[in-house]
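Number of protein chains: 2
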Amino acid sequence: MQKPSRHIFICTSSRHTGQQKGFCHSKAGVEVLQKFMEEIEMRELGGEVFVNNTGCFGICEKGPIVVVYPDNVWYKSVTSDDVTEIIESHIEGGKVVDRLAF
Amino acid sequence: MQKPSRHIFICTSSRHTGQQKGFCHSKAGVEVLQKFMEEIEMRELGGEVFVNNTGCFGICEKGPIVVVYPDNVWYKSVTSDDVTEIIESHIEGGKVVDRLAF
Numbered sequence: 001m002q003k004p005s006r007h008i009f010i011c012t013s014s015r016h017t018g019q020q021k022g023f024c025h026s027k028a029g030v031e032v033l034q035k036f037m038e039e040i041e042m043r044e045l046g047g048e049v050f051v052n053n054t055g056c057f058g059i060c061e062k063g064p065i066v067v068v069y070p071d072n073v074w075y076k077s078v079t080s081d082d083v084t085e086i087i088e089s090h091i092e093g094g095k096v097v098d099r100l101a102f
Numbered sequence: 001m002q003k004p005s006r007h008i009f010i011c012t013s014s015r016h017t018g019q020q021k022g023f024c025h026s027k028a029g030v031e032v033l034q035k036f037m038e039e040i041e042m043r044e045l046g047g048e049v050f051v052n053n054t055g056c057f058g059i060c061e062k063g064p065i066v067v068v069y070p071d072n073v074w075y076k077s078v079t080s081d082d083v084t085e086i087i088e089s090h091i092e093g094g095k096v097v098d099r100l101a102f
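Protein chains in written order, with our numbering: chain A, 1 to 102; chain B, 1 to 102.
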């Protein structure tokens with residue numbers, strides 16, 4: 001298995017207990033996740049860019065949260081409308097989207 | 001908010017749909033997650049080491065999977081008995097646990 005060059009984690013407040021609730025879940029984290037998966041597939045980046053839903057990062061007031069490793073870049077209040085910019089600027093272009101980063 | 005110095009992701013096959021199934025879930029990924037959380041709390045590492053459950057990494061036959069960023073170290077077939085060694089050797093000591101890494 002080839003490790004990804006970029007690994008994108010999106011909080012959807014996914015509970016290991018199977019509960020389906022939480023801030024990023026209610027704040028459309030799932031929409032953001034789905035948009036990332038669509039963009040990755042459309043651009044055929046699946047071999048080098050991984051996407052995962054996660055549980056809570058503990059900074060719910062800033063959600064939905066997106067974290068990109070190994071860059072260690074954290075994005076706040078991400079909407080599905082922001083996903084294309086993150087992909088094009090950061091993932092493909094190497095330039096962090098400053099207006100969303102914290 | 002201070003970014004963590006290490007961020008540990010544990011696959012528990014957490015579905016954003018709320019489903020509670022999958023390989024790492026059935027393979028005791030949740031026990032591994034809980035053991036990491038206990039060790040982090042006991043050693044008072046909570047401010048610098050974050051732990052999150054995730055959805056599937058797509059390499060289920062090697063599960064439960066644990067990924068440590070920004071190091072980009074991937075561990076396979078992790079059991080709750082391995083967690084103390086990962087914390088002491090890798091997280092506290094900086095030495096990857098070679099027998100589990102891939």
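Hints are supplied without guarantee of correctness; some may be wrong.
Each computed DSS-like pair below joins lysine-lysine, with the alpha-carbon atoms no more than 27 angstroms apart [stated by the list, open to error]: (1) A:3 - A:21; (2) B:3 - A:3; (3) B:95 - A:21; (4) B:95 - A:3; (5) A:62 - B:62; (6) A:95 - B:3; (7) B:21 - B:62; (8) A:21 - A:95; (9) B:21 - B:95; (10) B:21 - A:3; (11) A:62 - A:76; (12) A:62 - B:76; (13) A:76 - B:3; (14) A:21 - A:76; (15) A:3 - B:76; (16) B:95 - B:3; (17) A:62 - B:95.
Pairwise CB distance ranges (calculated) [stated by the list, open to error]: (18) B:47 - A:61: 16 to 22 angstroms; (19) A:37 - B:46: 29 to 35 angstroms; (20) A:41 - B:59: 27 to 33 angstroms; (21) B:38 - A:92: 37 to 43 angstroms; (22) B:101 - A:59: 36 to 42 angstroms; (23) A:71 - B:61: 25 to 31 angstroms; (24) A:93 - B:38: 37 to 43 angstroms; (25) A:46 - B:96: 40 to 46 angstroms; (26) B:92 - A:38: 16 to 22 angstroms; (27) A:37 - B:96: 28 to 34 angstroms; (28) B:72 - A:61: 27 to 33 angstroms; (29) B:2 - A:18: 27 to 33 angstroms; (30) A:81 - B:96: 27 to 33 angstroms; (31) A:46 - B:77: 23 to 29 angstroms.
These are computed hints drawn from the structure, not numbers from a lab.
Quick reminder that beta carbons are idealized off the backbone N, C-alpha and C, glycines included.
Outcome of the hint check:
1. A:3 - A:21: violated, 31 angstroms
2. B:3 - A:3: The given pair, whose Cα atoms are some 23 angstroms apart, holds under the 27 angstroms limit.
3. B:95 - A:21: Violated - the C-alpha atoms of residue 21 (chain A) and residue 95 (chain B) are around 37 angstroms apart, more than 27 angstroms.
4. B:95 - A:3: holds, 19 angstroms
5. A:62 - B:62: violated, 34 angstroms
6. A:95 - B:3: Status holds; Cα separation ~19 angstroms.
7. B:21 - B:62: holds, 16 angstroms
8. A:21 - A:95: violated, 33 angstroms
9. B:21 - B:95: It is violated: about 33 angstroms lies between the C-alpha atoms, which goes past 27 angstroms.
10. B:21 - A:3: holds, 25 angstroms
11. A:62 - A:76: Within the cut-off at roughly 5 angstroms; holds.
12. A:62 - B:76: violated, 32 angstroms
13. A:76 - B:3: Distance ~13 angstroms between residue 76 (chain A) and residue 3 (chain B) Cα, so the pair holds.
14. A:21 - A:76: Given that 27 angstroms is the threshold and the Cα spacing comes to 19 angstroms, the pair holds.
15. A:3 - B:76: holds, 13 angstroms
16. B:95 - B:3: holds, 21 angstroms
17. A:62 - B:95: Given pair residue 62 (chain A), residue 95 (chain B) is violated - Cα atoms ~34 angstroms apart, limit 27 angstroms.
18. B:47 - A:61: 16 to 22 angstroms: holds, 19 angstroms
19. A:37 - B:46: 29 to 35 angstroms: holds, 31 angstroms
20. A:41 - B:59: 27 to 33 angstroms: Roughly 19 angstroms apart at Cβ, these two residues miss the hinted range, so it is violated.
21. B:38 - A:92: 37 to 43 angstroms: holds, 40 angstroms
22. B:101 - A:59: 36 to 42 angstroms: violated, 30 angstroms
23. A:71 - B:61: 25 to 31 angstroms: holds, 29 angstroms
24. A:93 - B:38: 37 to 43 angstroms: holds, 41 angstroms
25. A:46 - B:96: 40 to 46 angstroms: violated, 27 angstroms
26. B:92 - A:38: 16 to 22 angstroms: Violated - the Cβ-Cβ distance for residue 92 (chain B) and residue 38 (chain A), about 40 angstroms, lies outside 16 to 22 angstroms.
27. A:37 - B:96: 28 to 34 angstroms: Roughly 30 angstroms apart at Cβ, these two residues keep to the hinted range, so it holds.
28. B:72 - A:61: 27 to 33 angstroms: holds, 29 angstroms
29. B:2 - A:18: 27 to 33 angstroms: holds, 31 angstroms
30. A:81 - B:96: 27 to 33 angstroms: violated, 39 angstroms
31. A:46 - B:77: 23 to 29 angstroms: holds, 24 angstroms
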